[in-house]
Amino acid sequence: GAVVSQHPSRVICKSGTSVKIECRSLDFQATTMFWYRQFPKQSLMLMATSNEGSKATYEQGVEKDKFLINHASLTLSTLTVTSAHPEDSSFYICSARDSRGNTGELFFGEGSRLTVL
Amino acid sequence: GEDVEQSLFLSVREGDSSVINCTYTDSSSTYLYWYKQEPGAGLQLLTYIFSNMDMKQDQRLTVLLNKKDKHLSLRIADTQTGDSAIYFCAETPPYGQNFVFGPGTRLSVLP
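Just so you know, the protein sequences line up as chains A and B, in that order. Every letter in the first sequence is one number past the one before it in this note's numbering, and letter 61, counting from 1, is 240. Every letter in the second sequence is one number past the one before it in this note's numbering, and letter 6, counting from 1, is 22.
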């Protein structure tokens, strides 16, 4: 089946630094990718929709200057958490839809756990 | 807006059947999905059902859809310890880009 790869799976950084998380679709092209945030014992919260070649669409309450999204190619989207603070510590998950598929199935990455000290 | 609800916890004994329930509000949903999340991992698609179907079976998994009541269930036969995880119900509206997820049901399988 289709695979979505996220990197890094775990990252620890100091407060004030920026962290980049990559999301790659390995065997299909994805014009749209999604970034989610998951707090402990809670469901996924959609942060933004990443569109290849254009600006990302952010959900209400998500700071676009804080969470920079770049979708430069059909197989790669990146999420950069800028000037990270402890409250940004969370589990970030990306997903991509295989545009060829009939079900519109979303394939998920394994997630990236960010810890900001 | 769309809303998806699930019970938060379920405990079963190994070998028993598990039934995880989900209700949704968007009557125009086209596909309904069940995803599994193991600790510290991303989401894995277990199965999905198209809205014009009532039932779908895939090995130990049976999905039942009651479109009138907007109720979806996932039955896991012969539940094993490896089935312990969080199960998310999700739906997508027609032509929708985004999925709406339920809060997840934490399934604990007792020996």
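Hints may contain errors.
Said to hold, decoys possible - Cut-off 30 Å, straight-line C-alpha distance, at most; resulting in silico cross-link-like pairs (DSS-like, lysine-lysine):
#, chain 1, residue 1, chain 2, residue 2
1, B, K83, A, K220
2, A, K199, B, K52
3, B, K86, A, K220
4, B, K72, A, K220
Treat the hints as calculated values from the structure; they're not laboratory data. Nothing here was measured: the structure is a model prediction, and the numbers come from that model.
Now for the hints, and whether the structure bears them out:
1. Proposed proximity of K83/B and K220/A is supported: the alpha carbons are some 29 Å apart, at most 30 Å.
2. Only pairs whose Cα atoms come within 30 Å are accepted, and K199/A paired with K52/B is accepted, the gap being roughly 26 Å.
3. In summary, the hint linking K86/B to K220/A is supported, as the alpha carbons are separated by about 25 Å, within the 30 Å threshold.
4. Between the alpha carbons of K72/B and K220/A the distance comes to roughly 29 Å, so the proposed pair stays at or under 30 Å and holds.
Violated hints are absent here; each numbered hint is respected by the structure.
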